[in-house]
Amino acid sequence: MKLLGQAKDLISEIDIFWDNISRSALVFRAGLNNYLDGKIERFQSDLKDIRKLESDTDSKRREIKYKLYSHMLIPESRGDVLGLLETTDNVVDSIKKALLQFDIEKPEIPDLLKEEFKELAQLSVNTVDEMVLASRAFFREISIVNDHINKVHYYEHEADKVEEELKRKAFNLEIITTLSWKVQLRYFVERLARVSDEAEAVCDRLSVYVIKRSF
Amino acid sequence: MDTILIFLSSGLFLGWSLGANDAANVFGTAVTTKMLKFKWAAIICSIFVIIGAVIGGAGASNTLGKLGSVNAIAGSFTVALAAGLTVFLMTRLKLPVSTSQAIVGAIIGWNFFSGLKTDISTLTKIVYTWVLCPILAAIFGFILYKFLITNIRRSKIHMIRIDQYTRIGLIFVGAFGSYSLGANNIANVMGVFVPVSPFKSINIAGFTFSNMSILFFLGAVAISLGVFTYSRKVMTTVGADIFRLSPLDAFIVVLSSSLVLFIFASEGLKAFLISYGLPSFPLVPVSSSQAVVGAILGIAIAKGVKNLNFGVIGKIGVGWVLTPFISGVITFIMLFFMQNVFMQKVFL
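Heads up: the sequence lines are chains R and B, in that order.
Take 0 as the starting number for the first sequence in numbering that gives the first Met the number 0 and just add one per residue.
Take 0 as the starting number for the second sequence in numbering that gives the first Met the number 0 and just add one per residue.
The hints are simulated quantities; they were obtained by calculation from the structure and are not laboratory data.
For clarity, every value in this text was computed on a predicted model and none was experimentally measured.
One or more hints might be untrue.
Below, simulated EDC-like cross-link-like pairs (lysine to aspartate or glutamate); rule was C-alpha separation at most 16 Å, straight line [to be verified]: (1) Lys155/B to Asp14/R; (2) Lys168/R to Glu75/R; (3) Lys36/B to Glu75/R.
Chain R stretches covered by chain B per the calculated footprint, using a threshold of three residues with CB under 8 Å from any CB of chain B [unchecked claim]: (4) 128-140; (5) 178-192.
By construction, the Cβ of each residue, glycine as well, lies at the ideal position given by its N, Cα and C atoms.
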């Protein structure tokens, strides 16, 4: 009975971990939109939320790691599960760093580029959402993991296109007058696109784990 | 009593080596995949081997008795010792070997030496059971794998839950496997001593234990000793062997091979099948290692694994012929020495 109780606890902790990741993506989108729309107070609150989510996710990962090893659970897959959780941690980390950097540098985004910035953020959020679905499926329904991974690849590719377009505009538009501004904009475009890159990296690992676990 | 123990020692040695080797078939993967601690595996295995041997060991033992009833205790000692030596030698030479095949060869060797005729119909029945054993295990492995995987996929159970169920399942099938191993293979260890058993029936708390039960109990204790003292090493080798099984595969392998061993040992099942006019299985000691190989092949076929190592099947085939032959020859030579050098009566 103790064995079954331990499993129940761990399953719920893993579910909470994925809930945190989903919420981080939502906060990321809200935070960026609020910044671009000049709602700085709400942006500050989003930043506070993401800091908390990042630290919660980190401690949740440690708890799961401890329980997996101390209770000797899923001995043949626990390395893979920990690898998955650790790489996923990078996604939340990149979200926090992006919002934090906006707060520190307070870059001026020209109105002409705001919609594309929002589009890039949305595509990154889509990759994270699909990544979470793929990861949840890895635990419960392995046959559908690849469907979600394919969507991650698609959204990441779309994000790459928007990233390139934004960079070109940053360096070609005459309204962006100084080189330092251009370089700064390029840096922020890359920061936003990194979220989707990290989500794709998680899925690359996941696809290997799926092959290993296919019965 | 001391002389009796000396004569029984060869059977006990055979039991020890059976415990050391065959416990790995039942609990090896569970231990090496860290699903179960060795200590618990050894305890469960020992208890159920003893129960299986004492309760269900008679059936397969009777068949060996029909093949050749060794009627002098020095003969029984030599037959068991020769079988043990064959197992030891072939293992050292890295040749496929099974205690069941070694003991049958040894009994035939005794028949030759004592000038008694070997019952061909019993021998045919035994050999056909050996062939049937891995085939049946493969069929069970295939069906169980397909059934379990389809249901797991459909039910969307969490990975951690599957792990828990597999762990509990491995304990149960391990216990069942140990019971079947005891019931089926005790005949190899103590079967040749049954006709010359020196023990008398005893009554403990209203239960009567026949002389055969006492003999089987001693053999099973020797098997348990083998489990505790040496099987850990064998388990590690099995775990690192060519077959890398997942815990779920291991569950299916152990269940399939245990079912096969049970079928060829259970008098109750035989009576049940006969009462319904169904074809029954002969009660014959079979090789648990070969059942395991069969079950793994069954799973591999179900998984659609390409490049199957059919050399393994060839090896089993070689074992069917080579082991009884070598064992028979060793027995014959040893009986000669026992009779002419040590001046012991090896047959009546």
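Verification of the hints:
In summary, the hint linking lysine 155/B to aspartate 14/R is supported, as the alpha carbons are separated by about 15 Å, within the 16 Å threshold. Under the criterion of a C-alpha separation no larger than 16 Å, the hint pairing lysine 168/R with glutamate 75/R is inconsistent with the structure, at around 49 Å. Under the criterion of a C-alpha separation no larger than 16 Å, the hint pairing lysine 36/B with glutamate 75/R is consistent with the structure, at around 15 Å. With 4 residues having a beta carbon nearer than 8 Å to a beta carbon of chain B, the stretch 128-140 of chain R meets the requirement of three or more and the stated coverage holds.
Counting residues of the stretch 178-192 of chain R whose CB falls under 8 Å from any CB of chain B gives 0; the rule of at least 3 is not met.
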